[in-house]
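For what it's worth, our numbering labels the leading residue of the sequence shown as -4, then goes sequentially.
Be aware that a few hints might be false.
[Unchecked claim] In silico DSSO-like links for lysine-lysine, alpha-carbon gap of 27 Å or less:
| id | residue 1 | residue 2 |
| --- | --- | --- |
| 1 | K225 | K244 |
| 2 | K51 | K264 |
| 3 | K340 | K317 |
| 4 | K340 | K244 |
| 5 | K57 | K225 |
| 6 | K240 | K251 |
| 7 | K254 | K225 |
| 8 | K81 | K51 |
| 9 | K348 | K359 |
| 10 | K264 | K225 |
| 11 | K340 | K361 |
| 12 | K340 | K359 |
| 13 | K51 | K225 |
| 14 | K57 | K81 |
| 15 | K348 | K361 |
| 16 | K359 | K317 |
| 17 | K361 | K317 |
| 18 | K225 | K251 |
| 19 | K244 | K254 |
| 20 | K340 | K357 |
| 21 | K81 | K397 |
| 22 | K340 | K240 |
| 23 | K24 | K81 |
| 24 | K340 | K191 |
| 25 | K357 | K317 |
Since the hints were made in silico from the structure, they are not lab data. These numbers come from a predicted model, not from an experiment.
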Amino acid sequence: MCGKCVYTKLGYAGNTEPQFIVPSCIAIKESAKVGSRTVKGVDDLDFFIGDEGIDKPNYATKWPIRHGIVEDWDLMERFMEQVIFKYLRAEPEDHYFLLVRGDGHGILDDYCGVLLQTEPPLNTPENREYTAEIMFESFNVPGLYIAVQAVLALAASWTSRQVGERTLTGTVIDSGDGVTHVIPVAEGYVIGSCIKHIPIAGRDITYFTQQLLREREVGIPPEQSLETAKAVKERFSYVCPDLVKEFSKYDTDGSKWIKQYTGINNISKKEFTVDVGYERFLGPEIFFHPEFANPDFTQPISEVVDEVIQNCPIDVRRPLYKNIVLSGGSTMFRDFGRRLQRDLKRTVDARLKMSEELSGGKLKPKPIDVQVITHHMQRYAVWFGGSMLASTPEFYQVCHTKKDYEEIGPSICRHNPVFGVMS
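Given these sequences and hints, build the entire structure.
Have a look at this one:
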């Protein structure tokens, strides 16, 4: 809907999906002109959020969160007020809240509330204090827990059949529309110094698909090219195991692999069709060959993951390789996890083989188990993980209470206890 959109996901703990997904924007009344009548104090109440706030006539649309960081705390507080009262229809004084450091969310049940509003993996402690001040002083919540995005994604992966042991140690690959992060977690604690950012995500795949379709001049209305590219990406794209063989498949028997997309011209209202061929696998391929779309970044995602784990303490590397968890909509492409696991395994095995050769055969390194976890809750993994954990009795034990806040101050929320592994 909007190229710069950050979304807030909110709902009730215990549910598998958020009840609301709202663009994190707020539309405020533009400054009154000279001579116009204004009522002091009323203008502060004249604002809209979410879909209502996008392109609202006579209102200025603001985005209090940019690149995952809150830039305007006053607007953020007003946004949260609408989210709690208008969408969740909750009295904040009656609910414990969970906030998530990472990207944009929210949850509530009959007993506890969870407003998952995320920040980047390396947000500042001061930002957590600002959040605590708003929640405890403006909304008077009885309890607050600030969770870590990657930890909740690990918890969500426990629903996968591939997971034999529930653990909070693993490598989280979180990829949404605007950014991809590789985040190592050991026993529930993020190893912050080893986090890597990848400038390839869903939006880049959409733009690359749009470029491929334009080069073929397939008759898409110009004003609908981005919308069509996004639909093609979401409906038909997948990750292939071998580019050369995939091209050969399409060239040999195109009718078997080429799909057809049908759209409606917004102006003429006439139907148009698009044959979708190479675009199906070339779009997601930029995760593994980023140079196709970004000449300034050429490191495949498998190499980034390997580098992140190699930068971590040696005693946690094997568990990090064994539990690589996917999170976010841009990890949902068919066979994405399988391709990543294969490429990463090749890199790891090549390193072990080289070590053995350099030792003259004296060293026989123990094989490293590389496993990429896929599961049906990937798209909303962070939200689902928060929903699961906020539904447990342990949630109340790890929350900071209003009493704690009044005794110690906002600094208490710089850190939160780690959830134990649920039995």
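Taking the hints in turn, this is what the structure says about them:
Only pairs whose Cα atoms come within 27 Å are accepted, and K225 paired with K244 is accepted, the gap being roughly 24 Å. A hinted pair counts as satisfied when its Cα atoms are at most 27 Å apart, and K51 with K264 qualifies at roughly 26 Å. Of the pairs offered as hints, the one joining K340 and K317 holds, with about 11 Å between alpha carbons and a cut-off of 27 Å not exceeded. With a C-alpha separation of about 26 Å, the suggested pair K340 and K244 falls inside the 27 Å cut-off, and the hint holds.
Under the criterion of a C-alpha separation no larger than 27 Å, the hint pairing K57 with K225 is consistent with the structure, at around 25 Å. Straight-line distance between C-alpha atoms of K240 and K251 comes to about 15 Å, which keeps the hinted pair within the 27 Å bound. Taken as a hint, the K254 and K225 pair is honoured in the structure, with Cα atoms around 15 Å apart against an allowance of 27 Å. Under the criterion of a C-alpha separation no larger than 27 Å, the hint pairing K81 with K51 is consistent with the structure, at around 19 Å.
In summary, the hint linking K348 to K359 is supported, as the alpha carbons are separated by about 9 Å, within the 27 Å threshold. Straight-line distance between C-alpha atoms of K264 and K225 comes to about 20 Å, which keeps the hinted pair within the 27 Å bound. A hinted pair counts as satisfied when its Cα atoms are at most 27 Å apart, and K340 with K361 qualifies at roughly 14 Å. Pair hint K340 plus K359 holds up; C-alpha atoms about 17 Å apart against a cutoff of 27 Å.
For the suggested pair K51 and K225, the alpha carbons sit about 24 Å apart, so the restraint of at most 27 Å is met. Taken as a hint, the K57 and K81 pair is honoured in the structure, with Cα atoms around 19 Å apart against an allowance of 27 Å. Straight-line distance between C-alpha atoms of K348 and K361 comes to about 11 Å, which keeps the hinted pair within the 27 Å bound. Simply put, K359 and K317 have alpha-carbon atoms about 20 Å apart, close enough for the 27 Å limit, and the pair holds.
Using a Cα cut-off of 27 Å, the hinted pair K361 and K317 holds, with the two alpha carbons roughly 14 Å apart. Taken as a hint, the K225 and K251 pair is honoured in the structure, with Cα atoms around 23 Å apart against an allowance of 27 Å. Of the pairs offered as hints, the one joining K244 and K254 holds, with about 14 Å between alpha carbons and a cut-off of 27 Å not exceeded. Simply put, K340 and K357 have alpha-carbon atoms about 23 Å apart, close enough for the 27 Å limit, and the pair holds.
Between the alpha carbons of K81 and K397 the distance comes to roughly 24 Å, so the proposed pair stays at or under 27 Å and holds. Proximity of K340 to K240 is assessed by CA-CA distance (about 21 Å); at most 27 Å being required, the pair is judged to hold. Proposed proximity of K24 and K81 is supported: the alpha carbons are some 19 Å apart, at most 27 Å. Pair hint K340 plus K191 holds up; C-alpha atoms about 19 Å apart against a cutoff of 27 Å.
With a CA separation close to 26 Å, the supplied pair K357 and K317 stays within the 27 Å bound.
Hint violations for this structure: none, all hints satisfied.
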